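Asks: Protein chains in written order, with the working numbering: chain B, 13 to 437; chain X, 1094 to 1465.
Don't take each hint at face value.
Said to hold, decoys possible - Label-pair ranges, simulated between beta-carbon atoms:
#1 B:161 <-> X:1334: 53 to 59 Å
#2 B:217 <-> X:1206: 39 to 45 Å
#3 B:230 <-> X:1127: 23 to 29 Å
#4 B:295 <-> X:1238: 52 to 58 Å
#5 B:428 <-> X:1263: 47 to 53 Å
#6 B:268 <-> X:1441: 50 to 56 Å
#7 X:1426 <-> B:370: 37 to 43 Å
Calculated directly from the structure, the hints in this document are not laboratory data.
Just so it is clear, the structure is predicted and the values come from calculations on it, not from any experiment.
Think of the CB as a built atom: it goes at the ideal place given N, C-alpha and C, for glycine as much as any other residue.
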Amino acid sequence: MNALTRRGLSLATAAVLLAAVAACSEDANTPPADVPGVTAGEIVVGTHMPLTGPAAAGYSEIAPASKAYFDYVNANGGVHGRKITYKFMDDGYNPANTQTVVRKLVLEDKVFAILNGLGTPTHTGVLDFLKTNRVPDLFVASGSRSWNQPDKFPGTFGFNTDYTVEGKILATHIKATYAGKKVCFMGQDDDFGRDSLVGVEQVLGAGAVVAKEKYVTSNQNVAPQIGALKAAGCEVVVLATVPGFTALSMGTAARLGFKPQWVVSNVGSDYLTLSKVLGEGKPLLEGMVGISNLPSPVDMSDPWTAAFKKIHDQYNGSAPFNGNTVYGMSVAYLFVQSLQAAGKDLTREGLIAAVEKGGFKGPGLAPFRYSKDNHSGMGGGKLTKVTAGNQEFFGPVYETDSAAGPVNEFKEERPAPPANSIPAA
Amino acid sequence: MSEQTVTPSAPAAAPAPAPRRALALPGFLSRSTLLRHLVLAVFAGVLLYLLTQQLDPFRNFQLATVAAYLCATAGLTLLVGMNGQLSLGHGALMAVGAYTVALAQNRFADSGITGNQVLPLSLALGVLVTMAAGAVIGLAAARLRGPYLAGVTLAVAVAVPAATVTFDETFNSEQGLSVAVEPPPLSLGLYFPNERWQAWVALTGALLTMLLLANLVRSRVGRNLRAVRDDEVAARLAGIHVGRTQVLAFVVSAASAGLGGGLMALLAQSVSPGAFSLTLSLFLLMAVVIGGLGSLSGAVWGAVLLVALPDLTHDSAQWVSLSPAVAQRLEGNLPLAVFGLTLIVVMIAAPGGVQGLLRRIGARVRRRAPAR
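So that you can see chain B by itself, here it is in the shape it has in the complex (with noise of 0.2 Å):
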C-alpha cells in the first residue's frame, strides 16, 4: 500500500466517522433548555472590562468592586440561597477581543447575564449577539443612548446618566450662574462627545456655543484646540472628556494662559483621579464644576459611602477606595436588587421583566428611568465644586429626559442603606 492511498484511507475513515456523529446531532432546529448560568446553589455572570491597556487606569477598580460586593453578599447567603459568581474577562477595550471574550462567556462558560460591561465602542459591538442568544445585557458601563433601544434590543439596559441629560443638567447651571458670558465646548470625537453637545445646546440654544472642539484619545496633543478657545475668547468651557483628557485640558490651558471657567461631565470630573494626574498642578482644579449621581468616596458621612468602606475594607481591602469602587458597589447592588425583584424561580424573561418594572432605590442621587419601553440607566445627577481641595456637592438633584423635557428639581430623598447594606427580597 502506498503512502498516499494510506493517507487518503485514514483520513477517509476519519471523514466517515465524524459524518456518522453528525447526523446524530442535529441542533438546528430545537431550542435549548433550561436556563443557562443558574442551579440552586448558584448564578454565575459574566462581563468585558478593560483590565489592561489605554483605558485600564481607575476603570480596571471598578469589577473587583462589584466581586466584592457579591462576595460580602455570598458571605450573608446569597440571593435566594444562590451564591453569586462574577466573571470579569479583559478585553482592554478593544472591540475585536470583546466579542470573542463575550462569546466565551455566553457560550462556554454558560453565563446567566452579562453585567456592567464597559464601554460604548467595544460593547455596541456584542449587542446583535446578546440578542441572539437572548442573554439579559444589564447595566452597561457607559452612558451612550445605544442602550435604551427596547425595541430593537430588548434585553439591554444602560446604569450610567446618558451624556444628553448630563449635557442638559450642566447648560441649566451655566445659564443660572454665567449669563452672558462665552460658552464653549470641548469633547470627546465619538458618542460621548456628541450626544453631550446635544443636551448643552438643548438648553442654550443652537447658535449659543460660540466654538466646538474635539479630540481622540490617540493623540495627547490638544494645544490647538485650547489655543481655538483661547482664540474665541471663551468664559466658560464645557468639557466631555475621559479623566486624562481634563487634565490634559487644564494643563494645556494653563501653559497658554488661558483660565476660563471648567464645566465638567461625570466620568471626567472625579476629583480623586484628577489630581492624582495632575500632581502638582492640582491646584488647577480649584473651582471646577461637575456633576455626580453617585455618593461621593470621601464622604463617610453619607451612610452609603460608609456602608461599601466597610464591605471594600474587608473583601477588596489591597484597592483603592475611590469613585470606581463606589460605581462598581452600586452596579452589584442594583444587580442583587433585580436578582431579589425577579424572585426565586429565576429565569432570563424574569429578570428583564423585573428591571422592566423599575422602582429600584439606592445608593444613586437621581432616580433609574427602567420602564417598559426606557431602558435607560439614571436620569440625572447633582453638580459638584471643588473648593481648597475638596469637592463637595451644591444645590438640588436635577433630574431630566433625553429629549426636549424640562430639567427639574428631584426633590424625592434617598433611603437609607438596609443595616446589612443588603436589598431586601
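With chain B fixed as given, assemble chain X onto it according to the hints.
Replies: Leaving out everything else, chain X in the frame of chain B:
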C-alpha cells in the same frame, strides 16, 4: 501546498529535489496542479464542514476567526516568505478591507437590500479596494529595500488608523462603525447557530484564498516571485521584470489581507481603529514566522496560534491560584509574553517554524521506517 525551499539564501537555479509525493500520485493528479489543489480543497472543505457540525458555538467562532486570520497570514507568507518583501502594515490592509465591507454592508442595509446574498459582493468590494491600496504601497515598496521598506509599511500601519480619525464623518473616529450583518438564512432552520454560519462564511473565504495562492505559488508567477527573492540580478538576467513582480506580490498579498479584514468585520459586527492597530500587524508577522515562512501550510499554523495562544494562556492562568491583583495584571499581558517567548524558542529550536519542524520530524520518521 508544500514548498521545498525554506532558507531564503538557497540559490534559485539549484535543481529542486524531485517532489516525492508526485511519485505516489495517480497520473492525472500529478500532471495538473489545479486539479490536485482542487481535490485537496474539496476534501478539506468536506472535513471542515463535518467539523463545524461537531464543534460547539464558541469553538466554531474561534474556527471562523482562525479562517479570517488565515487569509491575512497566507497573503503575508506569500509576500515575506516567497517574495522576500517585509510588511509591517498588513494589519492596516486588513483595516482597509474591514472598513470597506462595513461601509458596503451598511449602505446595502440602508437602501433596503438585505439578505445574505450581498455578503460576497461586499467582500469582493473589500478585496478590490484593498488591492488598490496594496498597489499604491507596492509601487513605493518595489523601490525600497530592507529597513526602508519596513519603514514605509510601518507608516501605513500608523496612518490608516489615523485616517479613520481625520475623516470621522465617514469612519466615525475611534468609536468605529457597527456592521449590519444578517442572521443565518432561515432555510437552515430557526435555531441554527449563528457561529456555525459564521464559520462557514469565513472558511469558504479562507479555502478560496488558499486554493488560489497555492496555484499561484506553483505557477510561473510563483517561480518568478522566488527568483526575485533569491537574487534580483539573476532574476533580471533571466528576463524577469523585478519591479513588476514585487508590485504583483504586494497586490496579491493585500487582496488576501483585505478578505481577511472583511471577514473579521463580519465576525466582530463592528470595525474600529483599535482592532487594527500596529500590534495586529506585528502579531501577523510573528505568526507567519512562527508558523514557518517557507510554505503556505505555515500560515495555517500561524493563524491557529493567533487564536489559540491567548485562549490557552487565559485558561492555564486560571489553574494557578494567584492574588487577584497579579492575576488582573497578567490577564491581558500574559498572552503577549507567551507569544514573544514562543517566537524566541521557535527561532532557536526550529528556524523553519512549526511547519519546518513538522517536516523534519516527518523526514526522520520516514528514514527510520523499514524500506518498502
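Asks: Each hint: holds or not?
Replies: Hint-by-hint comparison with the structure:
1. B:161 <-> X:1334: 53 to 59 Å: At 56 Å between Cβs, range holds.
2. B:217 <-> X:1206: 39 to 45 Å: Given range 39 to 45 Å: holds, Cβ gap about 40 Å.
3. B:230 <-> X:1127: 23 to 29 Å: 46 Å, violated
4. B:295 <-> X:1238: 52 to 58 Å: Holds - the Cβ-Cβ distance for residue 295 of chain B and residue 1238 of chain X, about 55 Å, lies within 52 to 58 Å.
5. B:428 <-> X:1263: 47 to 53 Å: 52 Å, holds
6. B:268 <-> X:1441: 50 to 56 Å: Between residue 268 of chain B and residue 1441 of chain X, where Cβ atoms are some 53 Å apart, the hint holds.
7. X:1426 <-> B:370: 37 to 43 Å: 41 Å, holds
Of the numbered hints listed earlier, the single one contradicted by the structure is hint 3.
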